[in-house]
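Enquirer: Here is what each chain is made of, one letter per residue.
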Amino acid sequence: MKLHVSLPGLEMKNPVMPASGCFGFGKEFAQLYDLNDLGAIAIKATTEEARFGNETPRVAETEAGMLNAIGLQNPGLKGVTEQELPWLQQLDTPILANVAGTKMEDYEAVAAGLSESGMVAALELNISCPNVKEGGITFGTDPKLAAELTKRVKHVSDVPVYVKLSPNVTDITEIAKAVEHAGADGLSLINTLSGMKIDPATRKPLLANEIGGLSGPAIKPVAIRMIYQVRQVTELPIIGMGGIMGMEDVLEFMIAGADAVAVGTANISNPFACPEIIQELTDWAGTEPAADWAGWKQGGVKA
Amino acid sequence: MIQKEWMSVVSIDEIAASIFEVVLEGDMPERIQAPGQFVHVKTSPHVAPLLRRPVSISEHWPEQRRMALVFRAEGEGTSRMAAWRAGDEVDVLGPLGNGFDTSDVDEGEKALIVGGGVGVPPLLGLAKQLAGHGVRVQTVLGFADEPSAFFQERFSALGDCFVSTIDGSIGETGFVTDVIDRRGLSYDAIYACGPLPMLRALDSSYATAKGKLSLEERMGCGIGACFACVCHTADDPDGTSYRKVCSDGPVFPWGEVVLS
Ligand SMILES: Cc1cc2nc3c(=O)[nH]c(=O)nc-3n(C[C@H](O)[C@H](O)[C@H](O)COP(=O)(O)OP(=O)(O)OC[C@H]3O[C@@H](n4cnc5c(N)ncnc54)[C@H](O)[C@@H]3O)c2cc1C
Ligand SMILES: Cc1cc2nc3c(=O)[nH]c(=O)nc-3n(C[C@H](O)[C@H](O)[C@H](O)COP(=O)(O)O)c2cc1C
Ligand code: FES
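Here the protein sequences come in this chain order: A and B. Under full-length UniProt numbering, think of the first position of the first sequence as 1, with each following residue one higher. Under full-length UniProt numbering, think of the first position of the second sequence as 1, with each following residue one higher.
Honestly, the hints are just simulated from the structure, not real lab data. Mixed in with the good hints there might be a few duds.
Here are the simulated lysine-lysine pairs, DSS-like style, with alpha carbons at most 27 Å apart [what the hints assert, rightly or not]:
{"no.": "1", "chain 1": "A", "residue 1": "K13", "chain 2": "A", "residue 2": "K2"}
{"no.": "2", "chain 1": "B", "residue 1": "K110", "chain 2": "B", "residue 2": "K210"}
{"no.": "3", "chain 1": "A", "residue 1": "K78", "chain 2": "A", "residue 2": "K27"}
{"no.": "4", "chain 1": "B", "residue 1": "K4", "chain 2": "A", "residue 2": "K13"}
{"no.": "5", "chain 1": "B", "residue 1": "K128", "chain 2": "B", "residue 2": "K210"}
{"no.": "6", "chain 1": "A", "residue 1": "K27", "chain 2": "B", "residue 2": "K42"}
{"no.": "7", "chain 1": "B", "residue 1": "K128", "chain 2": "B", "residue 2": "K110"}
{"no.": "8", "chain 1": "A", "residue 1": "K27", "chain 2": "B", "residue 2": "K4"}
{"no.": "9", "chain 1": "A", "residue 1": "K13", "chain 2": "A", "residue 2": "K297"}
{"no.": "10", "chain 1": "A", "residue 1": "K197", "chain 2": "B", "residue 2": "K42"}
{"no.": "11", "chain 1": "A", "residue 1": "K177", "chain 2": "A", "residue 2": "K297"}
{"no.": "12", "chain 1": "A", "residue 1": "K154", "chain 2": "A", "residue 2": "K144"}
From chain A, some residues computed to sit far from chain B (all C-beta separations above 12 Å) [said to hold, decoys possible]:
{"no.": "13", "residue": "M119"}
{"no.": "14", "residue": "K144"}
{"no.": "15", "residue": "R152"}
To give a feel for the contact side, a few chain A residues facing chain B, derived at Cβ under 8 Å [as the list claims (entries may be wrong)]:
{"no.": "16", "residue": "C22"}
{"no.": "17", "residue": "F23"}
{"no.": "18", "residue": "G24"}
{"no.": "19", "residue": "L32"}
{"no.": "20", "residue": "F52"}
{"no.": "21", "residue": "G53"}
{"no.": "22", "residue": "P57"}
{"no.": "23", "residue": "V59"}
{"no.": "24", "residue": "E63"}
{"no.": "25", "residue": "G65"}
{"no.": "26", "residue": "N68"}
{"no.": "27", "residue": "I70"}
{"no.": "28", "residue": "N267"}
{"no.": "29", "residue": "S269"}
Cβ coordinates follow ideal geometry from the N, Cα and C atoms, glycine included.
Whole structure, please, built from the sequences with the hints as guidance.
Expert: The following block contains the structure:
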């Protein structure tokens, strides 16, 4: 079976990419393996200005998962376009650039700057970081705001725009429909679930930011359910993520309705997670009679 | 070069109360560049505990393809490590970070090595290297109490070694800084690793010293990609300067980072 997938802006050799924020801008992993083996790379969120992020501790281990509150630390639009993106150009792997901000104007400026740089294949609008607020409402939890932001960013971007959805909502299909209507080229889901951990010994939260985003195997059933639900209401391509650790997980996401997947936390506990999963998939595909993913998915859940 | 390797456990011993020394064998020891580097240990082949545990390399013997780690069995991950037995194969990522650069002291000069608790282990490899270069090594080790103290003899073999305990059960009563001041220890450079309050006390008492200190921080990836482990720098014009403890450190020049 052919592993290749073709999504707006992203021609992928296989459906696996590292998820934003869990892979930096790729350099650290390039010392470990050939990044051309990856289907695509989702780079760390870029904001307009450089950000230090939150104080430490920024991570805490939980049952089959972890909490993080990095706080979108990044070198800013200028730093990313001048110091990070040029190096990534030597790769034959499409770059999905994650865009974050606190105001609509920030998102527009970052999206325009990244798009104009000509160095990214597509954008991923991060409207779902648990710590980014506008007037007390995250863009990712209000369908109207999410749609307006999508429209404005689409207007200034020459590359396809994926909108990354938050699981911290009552009905994720509403947001999915709203951003599809506003012109999104694709969706990625899920971002982290808002969570908290308290140390009984100190009676204090473990994270300096108190609240953080839960990721890893613990959130996989939530991700599968949400992708399945969103798949019922839209034809848009879906990049699925949330707790993928191995090949079996990738297959589960593809059946639920994803067209490609992103691997986040697994890179943190095992920096070779992506190439290991891709190797497993390649071995598996060697014995699959279906011609491609569409053929393989036939007869699975209604998607 | 960082590698992920299944290393075999050669031996494991409880050298003090809940303090274990494990000797591992594999290819990694040949790649270690300096004392103070660390490894990131997956303490179970299953999903949980999910995160690796950072542990310093205390000593290494490249010809024998061996290295040692010394750790305190405390939480879930380190308790699993304490249950390792000779012959087990364990998942180790490393060597990570930048170790101690010893160019601050020349042959015949004096190095003051200051360690506290489980900050002591990486200083043993350092002390051996310094002594091997003809540097005069004096050590001050701080522990909570007698049962948790270790390595006094190994450091004594390399030079003067003073011990302090908070309860006075062995050595001198008080903190490492009390010992240094009471004895008026002189030095050309200080090398320190231990709990943050100890590092802060050293940093403020001997602000103008030359030397290096090794920091701890909660980690995710251990390789510089996730930004879990950052600290502020002393020189920070616009509030966004930082160092990653895992890949820029864990050893930093005296005064470079903010000890908060
Ligand atoms: C560079 C570096 C070198 C270290 N070297 C040694 C050493 O040589 N010997 C030794 O005994 N200890 C060392 N530590 C501390 C050691 O990493 C922690 O004691 C260990 O991670 C605790 O794990 P646990 O399973 O016992 O605790 P748990 O409470 O189960 O740990 C939960 C989470 O918190 C993290 N965590 C808890 N305490 C610390 C801490 N003090 N520092 C960093 N992360 C922590 C764990 O890694 C894990 O992600 C080092 C830490 C760093 C950063
Ligand atoms: C340390 C860390 C940092 C992250 N940073 C970002 C980010 O900058 N932008 C973003 O859209 N998502 C970010 N995420 C979310 C991941 O991209 C992913 O959506 C989520 O972790 C679920 O996947 P996983 O369970 O495989 O990690 C981050 C996750 C982690 C663990
Ligand atoms: S632990 Fe990931 S950057 Fe240091």
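Enquirer: Does each hint hold? Answer for all of them.
Expert: Checked hints:
no. : hint            : result
1   : A:K13 / A:K2    : holds, 9 Å
2   : B:K110 / B:K210 : holds, 12 Å
3   : A:K78 / A:K27   : holds, 18 Å
4   : B:K4 / A:K13    : holds, 25 Å
5   : B:K128 / B:K210 : holds, 19 Å
6   : A:K27 / B:K42   : holds, 23 Å
7   : B:K128 / B:K110 : holds, 14 Å
8   : A:K27 / B:K4    : holds, 17 Å
9   : A:K13 / A:K297  : holds, 18 Å
10  : A:K197 / B:K42  : holds, 22 Å
11  : A:K177 / A:K297 : holds, 23 Å
12  : A:K154 / A:K144 : holds, 15 Å
13  : M119            : holds, 20 Å
14  : K144            : holds, 32 Å
15  : R152            : holds, 27 Å
16  : C22             : holds, 6 Å
17  : F23             : holds, 6 Å
18  : G24             : holds, 4 Å
19  : L32             : holds, 6 Å
20  : F52             : holds, 5 Å
21  : G53             : holds, 7 Å
22  : P57             : holds, 4 Å
23  : V59             : holds, 4 Å
24  : E63             : holds, 7 Å
25  : G65             : holds, 7 Å
26  : N68             : holds, 7 Å
27  : I70             : holds, 5 Å
28  : N267            : holds, 7 Å
29  : S269            : holds, 5 Å
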